[in-house]
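Peer 1: Sequence:
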Amino acid sequence: MKKTMLMGFIAGCLVVLAAVGANASMLGMEKTLEGTITGITSDFITISQASEEDGRMEEINIKIDDATMFEEVASLKDLHAGDQVKVLYMEEENSVNMAILVAKLSVQEEVS
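FYI, our numbering numbers position 1 of the sequence shown as 1414, with every residue one higher than the one before it.
Calculated directly from the structure, the hints in this document are not laboratory data. Predicted model only: the values in this text are computed from it and were never measured. Check each hint, because a few of them may be wrong.
Distance condition first, Cα-Cα at most 25 Å in a straight line; then the derived DSS-like pairs of lysine-lysine [stated by the list, open to error]: (1) 1517 x 1490; (2) 1490 x 1444; (3) 1476 x 1490; (4) 1444 x 1517.
Using the sequences provided together with the hints, build the complete structure.
Peer 2: Printed below as a string of structure tokens:
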């Protein structure tokens, strides 16, 4: 009986450790991008930026939801095509880029 309880306890601990490990692997998976807004819908922004690999322009779609935070603007409604932004986002399992923070860059920040 004690051996069965001990084995159950160990198995439970392993399950908890596996779950913690999976969540820990998500930490630090945030990505950033800086570019120009080329399109806006009610829940997505499209940003154009130069590819790190070959310098060619690429467009990246970023999903916006109620948890998305904004800096230098109050909300998505304050952003427009042509605005320069920096975005902190997570690439989710379903290949959706989910915005965490969208910051509108000022003219000074764009130059630097």
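Peer 1: So, for every hint listed, does it hold in this structure?
Peer 2: Verification of the supplied hints:
| no. | hint | result |
| --- | --- | --- |
| 1 | 1517 x 1490 | 12 Å, holds |
| 2 | 1490 x 1444 | 23 Å, holds |
| 3 | 1476 x 1490 | 14 Å, holds |
| 4 | 1444 x 1517 | 17 Å, holds |
Hint violations for this structure: none, all hints satisfied.
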